[in-house]
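Given next are the chains, with one letter for each unit.
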Amino acid sequence: MTDTASKDADTDLPQARKRGLVASLELDMRLLGMIGAFIVIAVVFNILTGGRFLTPRNVFNLTIQTVSVAIMATGMVFVIVTRHIDLSVGSLLATTSAVMAMLQTEWLLQIFGFSLGHPALPWLAILGGLVAGTVIGAFNGYLIGYLTIPAFIVTLGGLLIWRNVAWYTTNGQTIGPLNETYQMFGGISGTLGTTWSWTFAVVASVAALYALWSARRTKQGHGFPVKPLWAEGAVGAIAVGAIMGFIWLLNSYEVPQRVLERDFEARGEVLPEGYTAAYGLPISVLLLILVALVMTIVARRTRLGRYIFATGGNPDAAELSGINTRLLTVKIFAIMGFLCALSAVVASARLSFHSNDIGTLDELRVIAAAVIGGTALSGGIGTIYGAILGALIMQSLQSGMAMVGVDAPFQNIVVGAVLILAVLIDIIYRKRTGDT
Amino acid sequence: MAETPLVELNDISIAFGGVQAVDHVSVDLYPGEVVGLLGHNGAGKSTLIKCLSGAYRMDSGEIRINGEPAEINNPRDARAYNIETIYQALALADNLDAASNLFLGRELTTMTGLVDDGAMESETRKVMGRLNPYFQKFSSPVSALSGGQRQSVAIARAVYFNARILIMDEPTAALGPQETRMVADLIQELKKQNLGIFLIDHDVHQVKELCDRAAVMKNGKLVGVVKVDDVTTDDLLGMIIAGKTPEGVAA
Numbered sequence: 079m080t081d082t083a084s085k086d087a088d089t090d091l092p093q094a095r096k097r098g099l100v101a102s103l104e105l106d107m108r109l110l111g112m113i114g115a116f117i118v119i120a121v122v123f124n125i126l127t128g129g130r131f132l133t134p135r136n137v138f139n140l141t142i143q144t145v146s147v148a149i150m151a152t153g154m155v156f157v158i159v160t161r162h163i164d165l166s167v168g169s170l171l172a173t174t175s176a177v178m179a180m181l182q183t184e185w186l187l188q189i190f191g192f193s194l195g196h197p198a199l200p201w202l203a204i205l206g207g208l209v210a211g212t213v214i215g216a217f218n219g220y221l222i223g224y225l226t227i228p229a230f231i232v233t234l235g236g237l238l239i240w241r242n243v244a245w246y247t248t249n250g251q252t253i254g255p256l257n258e259t260y261q262m263f264g265g266i267s268g269t270l271g272t273t274w275s276w277t278f279a280v281v282a283s284v285a286a287l288y289a290l291w292s293a294r295r296t297k298q299g300h301g302f303p304v305k306p307l308w309a310e311g312a313v314g315a316i317a318v319g320a321i322m323g324f325i326w327l328l329n330s331y332e333v334p335q336r337v338l339e340r341d342f343e344a345r346g347e348v349l350p351e352g353y354t355a356a357y358g359l360p361i362s363v364l365l366l367i368l369v370a371l372v373m374t375i376v377a378r379r380t381r382l383g384r385y386i387f388a389t390g391g392n393p394d395a396a397e398l399s400g401i402n403t404r405l406l407t408v409k410i411f412a413i414m415g416f417l418c419a420l421s422a423v424v425a426s427a428r429l430s431f432h433s434n435d436i437g438t439l440d441e442l443r444v445i446a447a448a449v450i451g452g453t454a455l456s457g458g459i460g461t462i463y464g465a466i467l468g469a470l471i472m473q474s475l476q477s478g479m480a481m482v483g484v485d486a487p488f489q490n491i492v493v494g495a496v497l498i499l500a501v502l503i504d505i506i507y508r509k510r511t512g513d514t
Numbered sequence: 016m017a018e019t020p021l022v023e024l025n026d027i028s029i030a031f032g033g034v035q036a037v038d039h040v041s042v043d044l045y046p047g048e049v050v051g052l053l054g055h056n057g058a059g060k061s062t063l064i065k066c067l068s069g070a071y072r073m074d075s076g077e078i079r080i081n082g083e084p085a086e087i088n089n090p091r092d093a094r095a096y097n098i099e100t101i102y103q104a105l106a107l108a109d110n111l112d113a114a115s116n117l118f119l120g121r122e123l124t125t126m127t128g129l130v131d132d133g134a135m136e137s138e139t140r141k142v143m144g145r146l147n148p149y150f151q152k153f154s155s156p157v158s159a160l161s162g163g164q165r166q167s168v169a170i171a172r173a174v175y176f177n178a179r180i181l182i183m184d185e186p187t188a189a190l191g192p193q194e195t196r197m198v199a200d201l202i203q204e205l206k207k208q209n210l211g212i213f214l215i216d217h218d219v220h221q222v223k224e225l226c227d228r229a230a231v232m233k234n235g236k237l238v239g240v241v242k243v244d245d246v247t248t249d250d251l252l253g254m255i256i257a258g259k260t261p262e263g264v265a266a
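In order, the protein sequence lines correspond to chains A and B.
Numbering-wise (the working numbering), the first sequence opens with residue 79 and increments by one.
Numbering-wise (the working numbering), the second sequence opens with residue 16 and increments by one.
What the hints contain is simulated information worked out from the structure, not anything from laboratory work.
All values derive from a computational prediction rather than experimental measurement.
Don't take each hint at face value.
Claimed, not checked - Here are the simulated lysine to aspartate or glutamate pairs, EDC-like style, with alpha carbons at most 16 Å apart: (1) A:297 <-> B:131; (2) B:152 <-> B:109; (3) B:242 <-> B:48; (4) A:297 <-> B:109; (5) B:236 <-> B:26; (6) B:223 <-> B:250.
To be verified - So, partial list: chain B residues that the calculated Cβ filter (under 8 Å) puts toward chain A: (7) 70; (8) 107; (9) 129.
We put the CB at the ideal spot given by N, CA and C, even for glycine.
Based on the provided sequences and hints, a complete structural model is requested.
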């Protein structure tokens, strides 16, 4: 019987040799399509703005503007894959942001008698926000999974409820300035600097190469066909090149002289002649990368992820296979709530204060990012990287149009049209390839 | 017979909103035996068997496995009794590949607790090599598979997990002649391994060929249980259509 298995593997090999360039690289066509779309958008805006779009400064801004929506979009993938929807993410972001702002400016001070600069303050506030987000998300999941109220209704109600819970929590006031350590998660106020950014690039490159190598070894270990070594090398080179290029670009964004002067002055020193420093990788982007990594592992390599996709593909089959789909719904919405709170950290830290309208309309941006990223509303299909790319494409369009000077109403009209067009292209692509 | 039946369904009843879908039906199944369940659409055969597979909960009656009373409230309970079901509607997640479907709900994991796709694909290749040696599409989602290939994945799932009691709901309904032959051979093979099989089917000829006994249902009631060798296909049709058991053949 083992003989048959190894024979199967052998018969696959000649086919592998006959395949074309793209096929032997085994690249994901949908991923390539999205990257292509992103490159087209970037190049077109770069031309229209006379080279201002692809400057290190703008790329830096683009990435930190994308983070908040992108983090939530990774959770929305799970929600949509299981044929649900979450319209309450923007409001949930506001509630958790309000909780964290109140914790670090009032509640923790009253309860523990901390002073405003206490080092534990930001971390306890973040912890409180994450717990609040997870609990609210799990409650949504309970209403949907166990009480079988449609997700659309639960989260439409939630959209109103949590927006106004946030309002009530803060009395509608803007809360700020937030803790300085907390603000490091916002983007420009917290970056790794040149050395650590390059360190990250090297670590990430080694990790990517190791992942490729270990995947190949696992396949060989089971006697499965593997792609030719040159193809493996090419994929590795592309990955390392992309990581290095991205970090190089971020490291090229130099801190303006006057900001440096101010920093040195604050420390009671004088700025040395010819001293320069670069921002490098923002901590918020690092956070997004970690979220993407963890969510991808959850999606592809854990039982939870397997059950999420199985339930999305055929809920009856999942149920008959003994999967507790109700509890699964609770878990999915709890993850969504947790990620909303994480986004709230980034969003409020970027503003440096909590405002009453934080996260307004984010639910639509998040859903659009997931859908542009190839998540099918019919369930069962979606990728984490797709959702992040979707968020990046939307943010690029929005900020590119703003730079070109397109009127605000037209910006939104274009983004809406792109959403519909992206889904149309996806439908046509799936029909052509016979991919459901 | 001195042997204990593998499954005894005693006096099972279930109603849906006033409609008595299954009305005091009793059927049993011995190891190494195939019992066909025949009847029109809506005769209650699928409903009856779903009480055994845990998809429905019966209103009254008793299920015994190996002579012991069994409590089956959901599909997980059924699996604990080594009852595996191959559904008419092919209960596979279309978006996942063969290995993921085969192991759905019972994934193999690595030491770190992550799912071990390599090991699962390797096992799937072994079991599929036995059942359907021509099967090659291990990395495609099962939506890309033919009806027969999908059926063989479903059967492989039952075989791999050492089913003792197999429920097949029209396993050949979507298949061509060659693939039907393959499933028939497979059923003979499973019989030799002493499994008990409930086979739900419309096709009287199929039941004559594959089954040892046939239980015929009409309007939720059991018409009778007969040994297929004692009756003609016309007798079976008479039982299905008219609800009459031929004289002197009741098993």
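Status of the hint placing residue 107 of chain B at chain A (closest C-beta pair under 8 Å): holds (6 Å)
Residue hint residue 129 of chain B, partner chain A, criterion CB-CB below 8 Å: holds (4 Å)
Holds or violated: residue 297 of chain A to residue 131 of chain B, with C-alpha atoms at most 16 Å apart: Holds. Residue 297 of chain A to residue 131 of chain B sits at ~11 Å (cutoff 16 Å).
Agreement of hint residue 70 of chain B with chain A interface, Cβ distance less than 8 Å: holds (7 Å)
Proposed proximity, residue 48 of chain B with residue 242 of chain B (alpha carbon, max 16 Å): Holds, at roughly 11 Å.
Hint consistency between residue 152 of chain B and residue 109 of chain B [alpha-carbon to alpha-carbon, up to 16 Å]: Holds, at roughly 13 Å.
Distance restraint between residue 223 of chain B and residue 250 of chain B, which requires alpha-carbon spacing of 16 Å or less: holds (11 Å)
Distance restraint between residue 236 of chain B and residue 26 of chain B, which requires alpha-carbon spacing of 16 Å or less: Measuring from Cα to Cα gives roughly 10 Å; hence the hint holds.
Pair hint residue 297 of chain A and residue 109 of chain B, alpha-carbon separation not exceeding 16 Å: Outside the cut-off at roughly 24 Å; violated.
In summary, the structure is inconsistent with hint 4 from the numbered list given earlier, while agreeing with all the others.
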